[in-house]
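Participant: Let chain A serve as the given structure and place chain B on it in line with the hints.
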Amino acid sequence: MTALLEVTELRVSFPAGTGRSWPVDGVSLHIDRGELLALVGESGSGKSLTSLAMLRLIPPPGRIEPGSGIRLGELDILSLDDKTLREVRGRRIGMVFQDPMTSLNPVFTVGDQIAEGIRAHFPVSRREARDRSLALLTEVGIPDPASRLRSYPHQMSGGMRQRVMIAMALACEPDLLIADEPTTALDVTVQAQILEILDALRKKRGMSVLLITHDLGIVAGRADRVLVMYAGQIVEEAPTERLFQRPSHPYTQGLLASVPRLTGPRTRLTPIGGAVPTPDAWPGGCRFRPRCPQAFDKSELPPPPLPVEPGHTMRCWLAEPEGL
Amino acid sequence: MTTALVPSVSNAFSSREARLGACGLILVILIAVVLPWLLPDPAVQCLSCGALPPSLHHPFGTDQLGRDVLSRVAGGARISLSVAFISVLLSVLLGGLIGTVAGYAGGWVDSLIMRGVDGALAIPRLFVLLLVLAMITPIPLWLLILVLGTTGWFGVSRIVRGEALRVKHELYVQAAEALGARGHRIILRHLLPNTAGPLLVAATLGVGDVILLEAGLSFLGLGIQPPTPSWGGMIQDAGEYLFTKPWISIFPGLAIVVTVLAVSLIGDALRDRLDPRNA
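So the sequence lines, in the order shown, correspond to chains A and B. For the first sequence, my numbering assigns the number 1 to the initial residue and increments by one for each residue that follows. For the second sequence, my numbering assigns the number 1 to the initial residue and increments by one for each residue that follows.
Extracted from the complex, chain A is given alone in its bound form:
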């Protein structure tokens, strides 16, 4: 497989007090064609900013630091002019946001809003745009799509709106769909439906999906690969089965231990103590050290990504043979 999107040493900074802070601090990742990649982490770990950076949508006064690299195929996203950048947004990379209740403009019909994206990228007539919108609504499983085209967002449920958001993001047939916590605001039953739709569309269209979530539960069985993010860095990367079979980073282990399981012996849930540090006060050395039950002397040095097994790396000194 060839990498569709490649991010290298991405650093995003915001002004903090007199200096700057780095909520995303040296993220490197790649997304292959047709792959479903999951980016997992707690609130504040920098996963949303990482995805916004891919479209250069970091809200000011934040900025992407020099030295970062984001390449989409042959395009260097960070050096694109505004016009080309707009062509990438929506056309090459689509985005679905977390909260479907506020991601749609309340004053226009759903059909208008889907058509807007289509007409921004393709020279089609209103009528064609409408027909395409209709097909998209059908594709994302909205019943009675023809009348739904004329609905306003407030007349729809959360699940329906999220389907509309997906339809909007798919409207221009992007190569990569970034879904930032697409199901967090939805009921559990609707969550499953939305994820099914995303997965089905990915397979049908051969596009890649970057699924951003804090919920390891929705990753299992769907993602090809998982990246675990903590304090602005990717701390573990592994194929999904490997991650669940052999979580290696103490943080990943902590995350898995704090998710309730339906099978296996009943044990108490063990939450990770403390909270994610704030970006202006990342701990020195290993960033998980203050919360890590397995921290040892070497944790005082920042660990680089170290191989655990082929295709499986983590930022933890425990991966070194002498550490184990």
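Warning: the hint list may mix true and false statements.
What the hints assert, rightly or not - Some, not all, of what chain B presents toward chain A, calculated at C-beta under 8 Å:
| hint | residue |
| --- | --- |
| 1 | E177 |
| 2 | L179 |
| 3 | P227 |
As the list claims (entries may be wrong) - Quick list of simulated restraints, FRET-style, between CB atoms:
| hint | chain 1 | residue 1 | chain 2 | residue 2 | range |
| --- | --- | --- | --- | --- | --- |
| 4 | B | A120 | A | L75 | 42 to 48 Å |
| 5 | B | V109 | A | R20 | 56 to 62 Å |
| 6 | B | L220 | A | G158 | 57 to 63 Å |
Think of the hints as simulated: they come from the structure by calculation, not from any bench. By construction, the Cβ of each residue, glycine as well, lies at the ideal position given by its N, Cα and C atoms.
Facilitator: Then chain B, alone, in the frame of chain A:
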């Protein structure tokens, strides 16, 4: 225009004051639209029937030149309302556009525009109007409208900028950006329609202001030029007969009071509904 707006606007008319205002405004509009077709020409003079008190033939009486006061009040309504509506429309368009651009662009563009607006707001509007209109005589109607319109948008742009700052951070604006929408489309489709509530309130209250301003200017002879009837001008003409023949000035004065009061009542009701921060 918007489904969210329509029920709010119709709800606004559930209060007694708002209904009273609506009735008053409809009455004045009807007078402006219908009466000039039925009544004698407001410009026709009749020296033998000068300054007659109200009667069946002349319900509001006649003025010192024998012109029917009711037809002049109706003609004045036509002019006053048109001037007010068109110039407020101009103010709202200018203020809406400039305010959203400032709010959306942010940074130095925003600072530049808003400091300019602050400066303009520091100069009394009446002073600017007097200065401009005194330089140009006679004043064509379109110029009066233009001057009123271009001096009325500063406050509007401030309100709209505040709203735009709020709406800018809504996810649907971010979603539109992520879909590759251009800046002007975001301003026209996402920011402006979602500031419609406060904009409508500002526009309604602005109509009252402009009617008063125009009456004041016409009273000073700087507004609408005779023989075109205007409420302010009529009061000015009848000044010397205020105590001896009060009907000549009372009826246009009453027309001003009724119209401005009606518009204010509607504006307040809309504000209570649409602009919770100022309620």
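Participant: Could you run down the list of hints and mark each one as holding or not?
Facilitator: Verification of the supplied hints:
no. : hint                         : verdict
1   : E177                         : holds (6 Å)
2   : L179                         : holds (4 Å)
3   : P227                         : violated (46 Å)
4   : A120/B to L75/A: 42 to 48 Å  : holds (45 Å)
5   : V109/B to R20/A: 56 to 62 Å  : violated (24 Å)
6   : L220/B to G158/A: 57 to 63 Å : holds (60 Å)
Violated hints, in rising order: 3 and 5; the structure is consistent with all others.
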